[in-house]
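Visitor: Take these sequences, add in the hints, and give me the full structure.
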Amino acid sequence: MSSLGIYPETSGGGFMPCERVLAIVKTVLGMEEVAASVIEETVGVRCVAKPNGYPGIVLVCGDGERSEVVDRIRSEVPEAERVIPVEEWVPSDIDSIVEAAKRVVDGRIGADESFAVRTVRRGRRGYTSVDVNIRAGAAVKEVTGASVNLRYPDKIVQVEILGDHAAVSLLDGRMEWRKLRPGKPAVLDFIRKVAVAHIP
7 MSSLGIYPET SGGGFMPCER VLAIVKTVLG MEEVAASVIE ETVGVRCVAK
57 PNGYPGIVLV CGDGERSEVV DRIRSEVPEA ERVIPVEEWV PSDIDSIVEA
107 AKRVVDGRIG ADESFAVRTV RRGRRGYTSV DVNIRAGAAV KEVTGASVNL
157 RYPDKIVQVE ILGDHAAVSL LDGRMEWRKL RPGKPAVLDF IRKVAVAHIP
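Numbering (this note's numbering), first residue to last: 7 to 206.
It is worth saying that the hints were derived from the structure and are not from the lab.
The structure displayed is predicted, hence computed values, not measured ones.
Every residue gets a Cβ at the ideal spot worked out from N, C-alpha and C, and that includes glycine.
Heads up, some of the hints might be wrong.
[Stated by the list, open to error] Restraint-style ranges between C-beta atoms, simulated for each label pair:
1. G36 <-> R130: 20 to 26 Å
2. K147 <-> S81: 31 to 37 Å
3. T134 <-> E47: 34 to 40 Å
4. E148 <-> G36: 39 to 45 Å
5. T48 <-> E25: 15 to 21 Å
6. G36 <-> G151: 43 to 49 Å
7. G116 <-> I140: 20 to 26 Å
8. E25 <-> G129: 22 to 28 Å
9. R157 <-> R114: 35 to 41 Å
10. N155 <-> G50: 36 to 42 Å
11. G151 <-> G50: 18 to 24 Å
Guide: Right, here's the structure in full:
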């Protein structure tokens, strides 16, 4: 696994640039390195486990087709609890995030649909997650004419803030209620089986 040029190297020094961030993978705490290794071996992309020390996170980098990489991780990597495609990777000031949100939704949310903005903030910033939700939500509403539905939205504008950078994506709202895909093993069950297999 290699480290992104935008993140400090945590072991050994030196930097390798990430040409493109394809996805953010969320995993069980303590399983970041395992998940990153499995993704690299299975999908053939480069991963950064715990970027900037943020637990439960793996960044997926490469120049492959984003949708194909995301689909393969979701279906083939049980350690990946959630996979978020990264459509915009921008500086984490709130104005840049708002502009990225407007680009992501343009032409993709109809006036007859509903949406919600979900923000997860990591690192200290001069604003809160609620500030981002309000600012980005107002901008999305202005661009699309869609209504806000915080409980059961048709679409979700997902904002993941990791220190100095933020990922912005547009997700199907129905995915929020699908904790497990059919045929994909639960990661905790998978871990338990591995642990049992290694008991002498």
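Visitor: Work down the list of hints and note, for each, if the structure agrees.
Guide: So, going through the hints one by one against the coordinates:
1. Separated by about 24 Å at the C-beta atoms, G36 and R130 satisfy the suggested range of 20 to 26 Å.
2. Distance hint check: the CB atoms of K147 and S81 are about 34 Å apart, consistent with the given range 31 to 37 Å.
3. Taking 34 to 40 Å as the suggested C-beta distance range, the pair T134 and E47 conforms, at roughly 38 Å.
4. Taking the beta carbon of each, E148 and G36 are about 42 Å apart, inside 39 to 45 Å as hinted.
5. Checked against the hint of 15 to 21 Å, the C-beta distance between T48 and E25 comes to roughly 20 Å, which is consistent with it.
6. Between G36 and G151 the Cβ separation comes to about 44 Å, which falls inside the hinted range of 43 to 49 Å.
7. For the hinted restraint 20 to 26 Å between G116 and I140, the CB-CB distance of approximately 22 Å keeps it satisfied.
8. Between E25 and G129 the Cβ separation comes to about 23 Å, which falls inside the hinted range of 22 to 28 Å.
9. Separated by about 21 Å at the C-beta atoms, R157 and R114 break the suggested range of 35 to 41 Å.
10. The supplied range of 36 to 42 Å is met by N155 and G50, whose beta-carbon atoms lie about 38 Å from each other.
11. Under the hint 18 to 24 Å, the C-beta atoms of G151 and G50, about 41 Å apart, miss the expected range.
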